[in-house]
Amino acid sequence: EAGVVQSPRYKIIEKKQPVAFWCNPISGHNTLYWYRQNLGQGPELLIRYENEEAVDDSQLPKDRFSAERLKGVDSTLKIQPAELGDSAVYLCASSSYYQGPSTDTQYFGPGTRLTVL
Amino acid sequence: SQQGEEDPQALSIQEGENATMNCSYKTSINNLQWYRQNSGRGLVHLILIRSNEREKHSGRLRVTLDTSKKSSSLLITASRAADTASYFCAPNSGGGADGLTFGKGTHLIIQP
Chain G
34 EAGVVQSPRY KIIEKKQPVA FWCNPISGHN TLYWYRQNLG QGPELLIRYE
84 NEEAVDDSQL PKDRFSAERL KGVDSTLKIQ PAELGDSAVY LCASSSYYQG
134 PSTDTQYFGP GTRLTVL
Chain E
22 SQQGEEDPQA LSIQEGENAT MNCSYKTSIN NLQWYRQNSG RGLVHLILIR
72 SNEREKHSGR LRVTLDTSKK SSSLLITASR AADTASYFCA PNSGGGADGL
122 TFGKGTHLII QP
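Protein chains in written order, with the working numbering: chain G, 34 to 150; chain E, 22 to 133.
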């Protein structure tokens with residue numbers, strides 16, 4: 034079974050430029066998460082989707098960040114414009130409500146490392 | 022979800038020794054999960070222990086949960102170089118598909 038796929042793996046941009054990250058969750062997983070991980074810290078949740086609906090976006094900085102999950106499968110996270118403080122690793126994870134006893138288990142992708150210059 | 026606090030923040034041991042790391046949290050939970058993150062990689066789920074469980078094993082991993090003390094421990098026995106990673110706990114007060122809140126983790130280094 035393929036894992037969570039993210040692209041690109043690395044991205045370097047100048048401040049004020051836009052950037053987008055893409056995530057393809059595990060097939061059949063209805064829940065998708067975006068996390069941001071700063072250096073030396075644990076991941077922090079940005080947004081959670083149940084199918085195509087964003088059910089928790091309370092931590093998403095909505096002035097510059099946006100996300101979508103069309104058709105309840107792939108998802109894109111966008112930053113426009115990027116700031117120096119946005120440099121971090123952006124992780125995507127997915128889980129399935131129907132996967133039995135371990136419905137709370139989240140499966141993470143390798144992340145996209147963003148550097149803003 | 023609430024944030025767990027891992028202790029110690031860093032741990033260095035010799036290969037073959039056992040490694041123990043702890044997690045404390047503040048309010049009641051439904052379950053607590055442990056994840057591992059190797060350098061430059063995503064998190065990998067290790068084990069989930071529910072609030073009505075006291076101990077759980079998975080291979081060389083042993084997790085305990087003490088809800089009265091609001092704490093959990095992760096024991097890795099017979100450590101290997103490949104165990105070098107950061108370990109995070111995630112106490113989950115919600116359920117189902119709630120987002121998780123992670124602390125800073127324990128950075129474990131296994132010396133050859």
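These aren't lab readings, by the way, just hints derived from the structure by calculation.
C-beta atoms are modelled at their ideal positions from N, C-alpha and C, and glycine is treated no differently.
Check each hint, because a few of them may be wrong.
The following label-pair restraints were derived from C-beta to C-beta distances [stated by the list, open to error]:
#1 G/K49 <-> E/S33: 27 to 33 Å
#2 E/E74 <-> G/E47: 49 to 55 Å
#3 E/L82 <-> G/D89: 26 to 32 Å
Simulated crosslink set (EDC-like; lysine to aspartate or glutamate; CA at most 20 Å straight-line) [unchecked claim]:
#4 G/K44 <-> G/E116
#5 E/K125 <-> G/D119
#6 E/K47 <-> G/E77
#7 E/K91 <-> E/D104
#8 E/K125 <-> G/E77
#9 E/K90 <-> E/D28
#10 E/K90 <-> E/D104
#11 E/K90 <-> E/E36
#12 G/K44 <-> G/D90
Hints, one by one, checked against the model:
no.	hint	verdict
1	G/K49 <-> E/S33: 27 to 33 Å	violated, 42 Å
2	E/E74 <-> G/E47: 49 to 55 Å	holds, 50 Å
3	E/L82 <-> G/D89: 26 to 32 Å	holds, 30 Å
4	G/K44 <-> G/E116	holds, 14 Å
5	E/K125 <-> G/D119	holds, 18 Å
6	E/K47 <-> G/E77	holds, 18 Å
7	E/K91 <-> E/D104	violated, 26 Å
8	E/K125 <-> G/E77	holds, 10 Å
9	E/K90 <-> E/D28	holds, 15 Å
10	E/K90 <-> E/D104	violated, 27 Å
11	E/K90 <-> E/E36	violated, 31 Å
12	G/K44 <-> G/D90	violated, 24 Å
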